[in-house]
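Visitor: Residue numbers (the working numbering), protein chains in the order written: chain A, 1 to 115; chain B, 1 to 115.
Calculated from the structure, these hints are not laboratory results.
Incorrect hints may have been included.
[To be verified] Label-pair restraints from in silico Cβ distances: (1) B/41 with A/43: 52 to 62 Å; (2) B/34 with A/76: 48 to 58 Å; (3) B/107 with A/34: 52 to 62 Å.
[Claimed, not checked] With a Cα cut of at most 16 Å, we get these calculated EDC-like pairs of lysine to aspartate or glutamate: (4) A/7 with B/99; (5) A/7 with B/33; (6) B/30 with A/11; (7) A/70 with A/39.
Keep in mind that this is a model prediction, so the values were computed, not measured.
We treat Cβ as the ideally placed atom computed from N, Cα and C, and that holds for glycine.
2 protein chains.
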Amino acid sequence: MSTIKTKISPDFIQKAARILKTLGHPNRIKIVEYLEDGEKPVSQIQRKLDLIQPIVSQHLKIMLDRGIVKYRQEGTRYYYSLANDFILKILSCMSDAQEMISKGEWTLENFINSN
Amino acid sequence: MSTIKTKISPDFIQKAARILKTLGHPNRIKIVEYLEDGEKPVSQIQRKLDLIQPIVSQHLKIMLDRGIVKYRQEGTRYYYSLANDFILKILSCMSDAQEMISKGEWTLENFINSN
DNA sequence: AGATTATATAGTATTATATCTATATTCTGC
DNA sequence: GCAGAATATAGATATAATACTATATAATCT
Chain A
1 MSTIKTKISP
11 DFIQKAARIL
21 KTLGHPNRIK
31 IVEYLEDGEK
41 PVSQIQRKLD
51 LIQPIVSQHL
61 KIMLDRGIVK
71 YRQEGTRYYY
81 SLANDFILKI
91 LSCMSDAQEM
101 ISKGEWTLEN
111 FINSN
Chain B
1 MSTIKTKISP
11 DFIQKAARIL
21 KTLGHPNRIK
31 IVEYLEDGEK
41 PVSQIQRKLD
51 LIQPIVSQHL
61 KIMLDRGIVK
71 YRQEGTRYYY
81 SLANDFILKI
91 LSCMSDAQEM
101 ISKGEWTLEN
111 FINSN
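Sequences are here, hints too, so could you generate the full structure?
Guide: What follows is the structure, encoded as structure tokens:
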């Protein structure tokens with residue numbers, strides 16, 4: 001019950017929404033998590049997540065455009081990495097949520113009204 | 001450069017994505033922020049955010065279904081509030097991001113490849 | 001130069017979201 | 001019971017996101 005007092009400035013709200021929306025996809029979360037311990041070439045991400053190559057490239061492009069990841073090219077390999085460690089804070093926040101939910105302190109889905 | 005070490009369990013990733021995606025809309029962020037200091041009836045949210053009523057109700061419904069908000073009915077009024085203060089942590093995380101960006105420590109958009 | 005590898009990009013079909021308008025529901029006061 | 005207020009819900013439509021297939025690019029190796 002701590003008083004958190006958020007204040008996101010009105011013109012930042014659009015950007016904040018964009019960041020959250022971008023992270024709001026399972027594969028992109030997985031990619032970010034996988035990049036946590038350093039840069040990885042596309043092929044390695046692909047194998048790790050068991051996805052076809054264009055899917056990986058497309059998700060990476062989305063995250064590139066939105067400043068979530070960056071890359072470094074070396075020959076024919078593109079090494080992707082997190083543009084900013086900050087992104088991990090959001091994920092670590094989510095792993096806190098996971099804990100709350102597993103402890104039953106938060107019931108995520110409203111099953112009465114579930115879509 | 002702190003080592004954050006996220007670990008979100010594979011079966012929680014879907015849920016995490018859903019939460020983030022749900023918050024990934026400007027109006028929903030605004031609603032959550034507005035609910036920060038306590039429950040509010042729909043009409044008040046509507047006036048505050050300058051939106052038409054069905055839009056507000058629909059966003060509230062989405063967040064209700066996903067366990068972000070809850071409500072309490074009193075007569076013809078529906079008082080909505082945050083289902084869990086935890087959501088605010090995510091927003092406070094975003095206000096940190098805002099600060100980083102304003103300080104130039106993070107360049108969000110990749111303007112070369114912007115879509 | 002030709003073949004191969006790694007990756008990006010284009011095009012497309014499918015599905016999900018968002019917004020709007022219109023209408024239904026539910027409660028209250030008369 | 002009727003009128004009005006507050007809110008929900010339905011339906012239509014527009015837009016965006018996703019995933020897939022196919023193809024292009026670009027570097028490397030022979």
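Visitor: Does each hint hold? Answer for all of them.
Guide: For each hint, the structure was consulted:
1. The hinted window of 52 to 62 Å between residue 41 of chain B and residue 43 of chain A holds, with their beta carbons roughly 54 Å apart.
2. In this structure the supplied range 48 to 58 Å holds for residue 34 of chain B paired with residue 76 of chain A, their Cβ-Cβ distance being about 50 Å.
3. At roughly 23 Å, the beta-carbon separation of residue 107 of chain B and residue 34 of chain A lies outside the given 52 to 62 Å, and the hint is violated.
4. Of the supplied pair hints, the one linking residue 7 of chain A and residue 99 of chain B holds, its CA atoms being roughly 11 Å apart against a limit of 16 Å.
5. As the CA atoms of residue 7 of chain A and residue 33 of chain B are separated by approximately 8 Å, the hinted pair is consistent with the 16 Å bound.
6. Taking the CA atoms of residue 30 of chain B and residue 11 of chain A, the gap is about 11 Å. The hint holds against a cut of 16 Å.
7. Our distance criterion of 16 Å between C-alpha atoms is met by residue 70 of chain A and residue 39 of chain A, whose separation comes to about 9 Å.
Comparing the model with each numbered hint stated earlier shows that hint 3 is the single one that does not hold.
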